[in-house]
Amino acid sequence: MIEVDGLVRKFGDRAVLNDISFNVHRGDTLVIMGGSGCGKSTLLRHMIGSMNPTSGTVKLFGEDLTGMKERELIHIRLRFGMLFQSGALLASLTVGENVALPLLQHTDKSDDEIQDIVEQKLQMVGLTGFEDLRPDEISGGMKKRVGLARALALDPELLFSDEPTSGLDPIMTAVIDELTLKLTRGKGMTAVVVSHDMTSAFRIATRMIMLGHGGIVAQGTPDEIRASSNPEVQQFIKGEPDGPIPLNLSQEEHEHHQHVKPRPFVRARYRFHHKTG
Amino acid sequence: MVFIGVRAAPMVALTAFSVGVTLAMQAAHSLESLGAQMYIPDLVMLTLLREMGPVLIAVIVIGRSGSAVAAELGTMKVSEEIEALEVMAIDPVQFLVVPRFLAMMIMLPALTIFGNYIGILGGWAVCVFALDFNTAGYVLEALQSAEPWDLYSGMIKSVVFAWIVITIACNAGLTVEGGAEGVGQATTTSVVQALLAMLVMNAVLTGIFFFAG
Chain A
1 MIEVDGLVRK
11 FGDRAVLNDI
21 SFNVHRGDTL
31 VIMGGSGCGK
41 STLLRHMIGS
51 MNPTSGTVKL
61 FGEDLTGMKE
71 RELIHIRLRF
81 GMLFQSGALL
91 ASLTVGENVA
101 LPLLQHTDKS
111 DDEIQDIVEQ
121 KLQMVGLTGF
131 EDLRPDEISG
141 GMKKRVGLAR
151 ALALDPELLF
161 SDEPTSGLDP
171 IMTAVIDELT
181 LKLTRGKGMT
191 AVVVSHDMTS
201 AFRIATRMIM
211 LGHGGIVAQG
221 TPDEIRASSN
231 PEVQQFIKGE
241 PDGPIPLNLS
251 QEEHEHHQHV
261 KPRPFVRARY
271 RFHHKTG
Chain S
1 MVFIGVRAAP
11 MVALTAFSVG
21 VTLAMQAAHS
31 LESLGAQMYI
41 PDLVMLTLLR
51 EMGPVLIAVI
61 VIGRSGSAVA
71 AELGTMKVSE
81 EIEALEVMAI
91 DPVQFLVVPR
101 FLAMMIMLPA
111 LTIFGNYIGI
121 LGGWAVCVFA
131 LDFNTAGYVL
141 EALQSAEPWD
151 LYSGMIKSVV
161 FAWIVITIAC
171 NAGLTVEGGA
181 EGVGQATTTS
191 VVQALLAMLV
201 MNAVLTGIFF
211 FAG
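Chains A and S are the protein sequences, given in the same order. At position 270 of the first sequence (counting the first as 1) the number is 270 in the numbering used here, and the numbers step up by one without a gap. At position 188 of the second sequence (counting the first as 1) the number is 188 in the numbering used here, and the numbers step up by one without a gap.
Rather than coming from a laboratory, the hints here were simulated on the basis of the structure. Any given hint might turn out to be false.
Said to hold, decoys possible - Examples of chain S residues lying across from chain A (beta carbon under 8 Å, computed):
no., residue
1, Glu-80
2, Glu-81
3, Glu-86
4, Gly-137
Computed from a prediction, not measured in an experiment: that's the story for all the values here. We treat Cβ as the ideally placed atom computed from N, Cα and C, and that holds for glycine.
Looking at chain A on its own, in the form it has when it is part of the complex (with noise of 0.2 Å):
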């Protein structure tokens, strides 16, 4: 379903992506994880076909994203739906109204119509009832709900969520979760999901990608992630502050960091002592 290929992406010297590939089959969920400002966000704009690749290909549904036009890019882009970080609400429009926004301008349904799939979509979110209010008048983890109400609205066989959870209670984490859960499992959308959420990641993926360095730490089903004996996967999902993943990164190291090969152990650790100290 998607099929990436030798993706690099640069920012000037620094590549942030560096020979990424990877395919997601149909019903599969993809958690990729990684640390802040590894590239997961990047990823993604490629995935989605915001961003243009340095060089490498990302193919969805067997088409090739890479130099289409905005144009070409409408039919494939009416296929999936996209959960922002913040949820991208329109802040002119009401709660409703933004999740209506692709049916108006993409379906020929009417109001009514238009007006039970909204109710459908924010009670699948648990937000019944809050179609008038405006964006500035709910909180953030409701705008990242109304978000994903919005991305769903079209049914989309693939659905890309960046940090779903973040900024969730736990309660609704496990309602986001199970909804995924849900639609992934039970109706067999696809799924590609960035987390920092361990525990939620666990539960929902059926395979896990870490990103570092500008490439793929590792990769496999959640079962495999859990086993591997790589200490960066371990430091990660265990949340743990020593490890081998630098903490305190210069500008200077940040910007050459995607160039250099893995830090020792041992410097790794005498930089957090020294930076913190």
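Use these hints to put chain S onto chain A, whose structure you have.
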């Protein structure tokens, strides 16, 4: 449309009235020495229709609506709203720019006509209450001096200004990079660029009308 046009009307009215009053008084002062006070209405009328009307109203609209459009679109850009529209296969230009463009193209000329009326009213106030004019004399003299072309040339300017203002504002908004600071910069840029472009274009258009007419 309501924001660009209707809510700007009181401000436009006040400005235009002040300008009309000022023009009449200045004209009175200068023309008095020539003994040509009877031409005050002509001067007010022509200046307003050809220059002050279109330019001043454009200045107000740049400061008020142009900056607001740039700030609004800029905020939408940094809060991922524009990207969200693109991903939903909705063309941001069609969805956001076109309505604003149309509103500006209609409302700026409309405001200019409105401002012209108010300005002429300001001139009338000075002539009737402070100078030896009666209403009929003022209106007659003013109407006699102006030709349709004076109004049309002002209107042509106003349409061109509307196009300049909204294009610059939308462009500034949609090309914002990096957070709230970027939005602030884009807003300032849009005002400065639009003012400069508008004034240069005014000189060019006046030149064209002057040499062609």
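Taking the hints in turn, this is what the structure says about them:
no. : hint    : in the structure
1   : Glu-80  : holds (4 Å)
2   : Glu-81  : holds (5 Å)
3   : Glu-86  : holds (6 Å)
4   : Gly-137 : violated (51 Å)
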